[in-house]
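Novice: Here are the chains, one letter per residue:
There are 2 protein chains.
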Amino acid sequence: MMIRHTVTFRLKHPPGSAEEQRFLEAGRELSAISGVQNFECLRQVSAKNQFTFGLAMEFADQAAYDSYNRHPDHVAFVQRRWIPEVEDFLELDYVRL
Amino acid sequence: MMIRHTVTFRLKHPPGSAEEQRFLEAGRELSAISGVQNFECLRQVSAKNQFTFGLAMEFADQAAYDSYNRHPDHVAFVQRRWIPEVEDFLELDYVRL
Chain A
7 MMIRHTVTFR LKHPPGSAEE QRFLEAGREL SAISGVQNFE CLRQVSAKNQ FTFGLAMEFA
67 DQAAYDSYNR HPDHVAFVQR RWIPEVEDFL ELDYVRL
Chain B
7 MMIRHTVTFR LKHPPGSAEE QRFLEAGREL SAISGVQNFE CLRQVSAKNQ FTFGLAMEFA
67 DQAAYDSYNR HPDHVAFVQR RWIPEVEDFL ELDYVRL
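Heads up: the sequence lines are chains A and B, in that order. Position in the first sequence (first residue = 1) + 6 = my numbering. Position in the second sequence (first residue = 1) + 6 = my numbering.
Wrong hints could be hidden among the right ones.
As the list makes no split between identical chains, a pair holds if one copy fits it or if it spans any two.
As the list claims (entries may be wrong) - Cut-off 20 Å, straight-line C-alpha distance, at most; resulting in silico cross-link-like pairs (EDC-like, lysine to aspartate or glutamate):
| no. | residue 1 | residue 2 |
| --- | --- | --- |
| 1 | 54 | 93 |
| 2 | 54 | 97 |
| 3 | 54 | 94 |
| 4 | 54 | 64 |
| 5 | 18 | 91 |
| 6 | 54 | 67 |
| 7 | 54 | 72 |
By construction, these hints were calculated from the structure, which means they are not laboratory data.
Hey, can you work out the whole structure from these sequences and the hints?
Specialist: Spelled out as structure tokens, the structure:
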């Protein structure tokens, strides 16, 4: 069953900064990891929460999702970019009902 | 610019209950409101948060989104179903970067 993995987040960087752009560019590179489908880099625009960006991607099944999570490029992104640069985030994963 | 409106939520009803199914059926009827595109009723499956369902839909622009928010069928759903039956929720709205 297709799984849509999403994460909404807020960066430590000032809005519009070069650091923000560099983070987003690094995030987009996750789309190259095997199994990632329909990758989207998003701006969160609702005033009803404090998040400012989002990433969304789809996996054909749980095995593809697990493989992504273990992929060295994903692990490196989390360690080198996500943990030091992200202020707050929430992961939401969906399957169609 | 296309806006993807999403809401993730948890119901007061027991999982698998008839009340849960009735709520989801009522939620699906929101797809009939003018301007709603690519409507999805979703199950939230990540163990990293406490939400269990999601709704997602797209609007062609802010005017279409505003019209949906004001639509009597949406207002009635919020008053008669959402407020009494939803335990917790988070709205996230996205535009493509």
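Novice: Does each hint fit the structure? Answer for all of them.
Specialist: Evaluated hints:
1. In this homomeric assembly, residue 54 and residue 93 come within 20 Å of each other (Cα to Cα) both inside a single copy, at 18 Å, and across copies, at 17 Å.
2. Taking the shortest Cα distances, residue 54 and residue 97 sit within 20 Å of each other both inside one copy (17 Å) and across copies (7 Å).
3. In this assembly of identical chains, the alpha carbons of residue 54 and residue 94 lie at most 20 Å apart whether taken from the same copy (15 Å) or from different copies (14 Å).
4. Only between protomers do residue 54 and residue 64 lie at most 20 Å apart by alpha-carbon distance; the minimum there is 17 Å, versus 26 Å within a single protomer.
5. For the identical chains of this complex, residue 18 and residue 91 are intra-copy neighbours only, at 6 Å inside a copy versus 36 Å across copies, given an alpha-carbon limit of 20 Å.
6. For a Cα distance limit of 20 Å, the shortest separation of residue 54 from residue 67 across copies, 18 Å, qualifies, whereas the shortest one inside one copy, 32 Å, does not.
7. In this assembly of identical chains, residue 54 and residue 72 lie within 20 Å of each other by CA distance solely across copies; the values are 15 Å between and 32 Å within a copy.
Of the numbered hints stated above, none is contradicted by the structure.
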